[in-house]
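Enquirer: So the chains spell out like this:
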Amino acid sequence: MSKIWSFRALDTLFFRDGTPLNQGDPGSVHPRGLFPPMMNTLQGAVRTVLAIGRGWRPGEGGKHVPLPKELGNADHPGDLQLTGPWLRFGEERLYPAPLVLFGKRLESGDWKLVRLAPGRDKIRSDLGEHRLPEVQKRVDGGKLQESLWLTRKGMERVLAGGIPDKGDIRRPDDLWGDEYRVGIGMDRSHRTAMDGHLYTLTHIRPHRNLRVEIGVGGIPDDWHPEGKRGIPLGGEGRFAELEVSDMNESHVLPNMPELRGEGGQIRFTVTLLTPGKFDRFPTNGPVTEPVGTRRALINGPLQDPAFRLISASVGKMLRVGGWDLEHRKPRPLAPFVPAGTAWFYTADVSEASRIADLHGSFVGLDTNFGYGQIAIGMWHEQEERQ
Amino acid sequence: MNGFMLGMLAETSVHPGAGRSQGVIDLPVSREAATDFPVIPGTSLKGTLRSKAEHERNQEFAERIFGKQDSAGAVGVTDARLLLLPVRSLTGHSRWITCPYLLERFVRDLGLIGEEKPLPEWKIAKFDALVAEGEEVLFLEELSFKTVVNRSIIEELSELLAPLIRHESVRKRLPEQLVVLHDDAFTHFARYALPVAARNSLDDKTKKSTNLWYEEMLPPDCLFYALFLVRPGKEEELTKLKEHLSESIHVQVGGNETVGQGWMITQIVEGAQ
Chain A
15 MSKIWSFRAL DTLFFRDGTP LNQGDPGSVH PRGLFPPMMN TLQGAVRTVL AIGRGWRPGE
75 GGKHVPLPKE LGNADHPGDL QLTGPWLRFG EERLYPAPLV LFGKRLESGD WKLVRLAPGR
135 DKIRSDLGEH RLPEVQKRVD GGKLQESLWL TRKGMERVLA GGIPDKGDIR RPDDLWGDEY
195 RVGIGMDRSH RTAMDGHLYT LTHIRPHRNL RVEIGVGGIP DDWHPEGKRG IPLGGEGRFA
255 ELEVSDMNES HVLPNMPELR GEGGQIRFTV TLLTPGKFDR FPTNGPVTEP VGTRRALING
315 PLQDPAFRLI SASVGKMLRV GGWDLEHRKP RPLAPFVPAG TAWFYTADVS EASRIADLHG
375 SFVGLDTNFG YGQIAIGMWH EQEERQ
Chain B
19 MNGFMLGMLA ETSVHPGAGR SQGVIDLPVS REAATDFPVI PGTSLKGTLR SKAEHERNQE
79 FAERIFGKQD SAGAVGVTDA RLLLLPVRSL TGHSRWITCP YLLERFVRDL GLIGEEKPLP
139 EWKIAKFDAL VAEGEEVLFL EELSFKTVVN RSIIEELSEL LAPLIRHESV RKRLPEQLVV
199 LHDDAFTHFA RYALPVAARN SLDDKTKKST NLWYEEMLPP DCLFYALFLV RPGKEEELTK
259 LKEHLSESIH VQVGGNETVG QGWMITQIVE GAQ
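So the protein lines, in turn, are chains A and B. In this text, residue positions in the first sequence follow the numbering used here: the first is 15, and each later residue adds one. In this text, residue positions in the second sequence follow the numbering used here: the first is 19, and each later residue adds one.
It is possible that some hints are incorrect.
To list a few chain A residues with every Cβ distance to chain B over 10 Å, as calculated [to be verified]:
{"#": "1", "residue": "L24"}
{"#": "2", "residue": "I66"}
{"#": "3", "residue": "K242"}
Think about it this way: if two alpha-carbon atoms lie no more than 30 Å apart in a straight line, the pair counts; the simulated DSSO-like pairs of lysine-lysine are [to be verified]:
{"#": "4", "chain 1": "A", "residue 1": "K77", "chain 2": "B", "residue 2": "K141"}
{"#": "5", "chain 1": "A", "residue 1": "K77", "chain 2": "B", "residue 2": "K164"}
{"#": "6", "chain 1": "B", "residue 1": "K144", "chain 2": "B", "residue 2": "K86"}
{"#": "7", "chain 1": "A", "residue 1": "K242", "chain 2": "B", "residue 2": "K164"}
{"#": "8", "chain 1": "A", "residue 1": "K136", "chain 2": "B", "residue 2": "K141"}
{"#": "9", "chain 1": "B", "residue 1": "K164", "chain 2": "A", "residue 2": "K83"}
{"#": "10", "chain 1": "A", "residue 1": "K77", "chain 2": "A", "residue 2": "K126"}
{"#": "11", "chain 1": "B", "residue 1": "K86", "chain 2": "B", "residue 2": "K260"}
{"#": "12", "chain 1": "B", "residue 1": "K190", "chain 2": "A", "residue 2": "K77"}
{"#": "13", "chain 1": "A", "residue 1": "K126", "chain 2": "B", "residue 2": "K260"}
{"#": "14", "chain 1": "B", "residue 1": "K144", "chain 2": "A", "residue 2": "K180"}
{"#": "15", "chain 1": "B", "residue 1": "K86", "chain 2": "A", "residue 2": "K77"}
{"#": "16", "chain 1": "B", "residue 1": "K86", "chain 2": "B", "residue 2": "K223"}
{"#": "17", "chain 1": "A", "residue 1": "K118", "chain 2": "A", "residue 2": "K77"}
{"#": "18", "chain 1": "A", "residue 1": "K343", "chain 2": "A", "residue 2": "K126"}
{"#": "19", "chain 1": "A", "residue 1": "K242", "chain 2": "B", "residue 2": "K190"}
{"#": "20", "chain 1": "B", "residue 1": "K70", "chain 2": "A", "residue 2": "K17"}
{"#": "21", "chain 1": "A", "residue 1": "K242", "chain 2": "B", "residue 2": "K252"}
{"#": "22", "chain 1": "B", "residue 1": "K252", "chain 2": "A", "residue 2": "K17"}
{"#": "23", "chain 1": "B", "residue 1": "K86", "chain 2": "A", "residue 2": "K343"}
{"#": "24", "chain 1": "B", "residue 1": "K252", "chain 2": "B", "residue 2": "K223"}
{"#": "25", "chain 1": "A", "residue 1": "K242", "chain 2": "B", "residue 2": "K226"}
{"#": "26", "chain 1": "A", "residue 1": "K343", "chain 2": "B", "residue 2": "K252"}
Here chain B is said to cover these stretches of chain A; the calculated rule only asks that three of the stretch's residues, wherever they fall, bring their Cβ under 8 Å from a Cβ of chain B [as the list claims (entries may be wrong)]:
{"#": "27", "segment": "55–62"}
{"#": "28", "segment": "249–257"}
These are calculated hints, taken from the structure and not from any lab test. Even for Gly, the Cβ is constructed at its ideal location relative to N, Cα and C.
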């Protein structure tokens, strides 16, 4: 049975994104990192903790106890079934808001939000001929809200075709702060800073009571660690507190809305709850075109002719690298479709039960890592909303 | 042993620089982004201890403990977190202030080294000050607080914090000077009650000012602590670091070393595991 592994930063955290971070890299790059981290980072932490629990020791190369095969490797999760990552703020789990909310936060703290829906006319572009998402009503100074988090209640409202209440919206600033760090190389003999060895990073410092949690299953129950412990997590030698607990009601995904048909058609959205992976690149060798990612963005993640793609609201691609501990070099960058990306579909009413089965399922590659988990929601034509 | 805690009491002013300024103070101290509380970043503390290890032991020892460019070190060094902040009081001698959040975080951190300690329960209003004894009103800087006298809780808290402090004399005066404020009140002092010093650079010949700047600093008697957590399989190195820090009890952290700042006296706290 799956258990919940929950990570609390002891101070700051730093998870490397695709920005170069090697000594000698030219230019004035300012790596900011990713938060929440990608599952491949958390998988490394999970594997290490579980392997140590089975008697394996880092640095020994498996001389005394080999790393259990059930725990896989960096490219394959083995028997592990991972889900998430999610944020938990206090007692409440948060979900990335679907990219269908457009608007702004007012000085009063209230939100002025409208929904995106497919435009009436098809537009021809290099992507083909599609209905592009449009705002239902103009909001001066508004923008697509790409980094909001929603409570379960807020998420259910958005999936049902509505707008979340103010109290169900969390901005990144409500959850964590950026901390600018400067590092220098020291000349040991003179105890002075060395020329050309200055670097800057931005760590993130989670607010009080913010945790990152993932589901870990596929292994015997007694393999999970007990109690709390400090473990290394991410880059820059940062540590986090790990706590493992049983699943409860608060870990269940938000409910799918009732799928109501209009004129024999169901209009539904497919929203990524976790980043989606649609291409696999070789560890060594030339980087190829991200064909799968492009196909998923343009044709949608559901490969079923019964489901007709109408439009999509896509976030900025994530370029994820990471550090290969075994070979001590950066991993090749891979594109991920960000959580919150939403595709707008239609299907015949007779497909309702098949659509409902998709809620909480996975699309794309490496779904055992938790990538590509989707939620089903509803959308309405602009005319219907007015 | 999976880790230990290092209590750090400031013997002089300390300036853990933030690297950049956004306000009127040219050189502010580092602060936690989420709380605005002063902090000594873990990366800075680790650099200090590495340098100390290199000077007092050797480079090989330092690299074994703290790592090198192509291999991680044996221990994780957390930020040094603030626990007690001394502030002026018109009502008498200076007071050490803290707040429920810092105490709760401290107890949580103790749990990570296997030291489970209960935290006494109490409630405190925004303009109350929990003290062991005193007048009805307590002045801290320009603000006044209604005192809530509860000697047993203050003594219990002092007992909890005392292991971080090396000096016996300081431990003894802790209950009389300890004040627990509401989190919001503490945040005000952590933001605005740190000393700011004007520093000047003079022209050697004319003695005219060539540069004037303002530096924020942490006053002497601030109490911080940091956690040292072992990376799996490196328990031997953690023990060696503990021995090293037990033998050499002073560290210099932050900037302005040449003007006598940054000296802290340390005390190791071990957990039950």
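Enquirer: Need the status of pair B:K252, A:K17: alpha-carbon distance at most 30 Å?
Expert: Measuring from Cα to Cα gives roughly 28 Å; hence the hint holds.
Enquirer: Going straight from one Cα to the other, do B:K86 and B:K223 come out at no more than 30 Å?
Expert: violated (45 Å)
Enquirer: Would you say the segment 55–62 of chain A counts as covered by chain B, given the rule of at least 3 residues with C-beta under 8 Å?
Expert: This one is violated; 1 residues, fewer than the three required, reach chain B with a Cβ under 8 Å.
Enquirer: Just checking, A:I66 versus chain B, shortest CB gap more than 10 Å?
Expert: violated (5 Å)
Enquirer: Please verify whether A:K126 and B:K260 have alpha carbons no more than 30 Å apart.
Expert: Given pair A:K126, B:K260 is violated - Cα atoms ~56 Å apart, limit 30 Å.
Enquirer: Given the hint that B:K70 pairs with A:K17, does the C-alpha gap stay at or below 30 Å?
Expert: violated (43 Å)
Enquirer: Holds or violated: B:K190 and A:K77, Cα atoms, limit 30 Å.
Expert: violated (52 Å)
Enquirer: With the threshold set at 30 Å, check whether the alpha-carbon distance from A:K77 to A:K126 stays at or below it.
Expert: Judged against 30 Å, a Cα distance of about 61 Å means the pair is violated.
Enquirer: Is the Cα-Cα distance between A:K242 and B:K252 30 Å or less?
Expert: holds (19 Å)
Enquirer: For A:K136 and B:K141, compute the direct alpha-carbon distance and say whether it is at most 30 Å.
Expert: violated (62 Å)
Enquirer: With the threshold set at 30 Å, check whether the alpha-carbon distance from A:K242 to B:K226 stays at or below it.
Expert: violated (59 Å)
Enquirer: Hint check: B:K86 vs A:K343, CA-CA at most 30 Å. Holds or violated?
Expert: holds (15 Å)
Going through the hint list in order, the structure does not satisfy hints 1, 2, 3, 4, 5, 6, 7, 8, 9, 10, 12, 13, 16, 17, 18, 19, 20, 24, 25 and 27.
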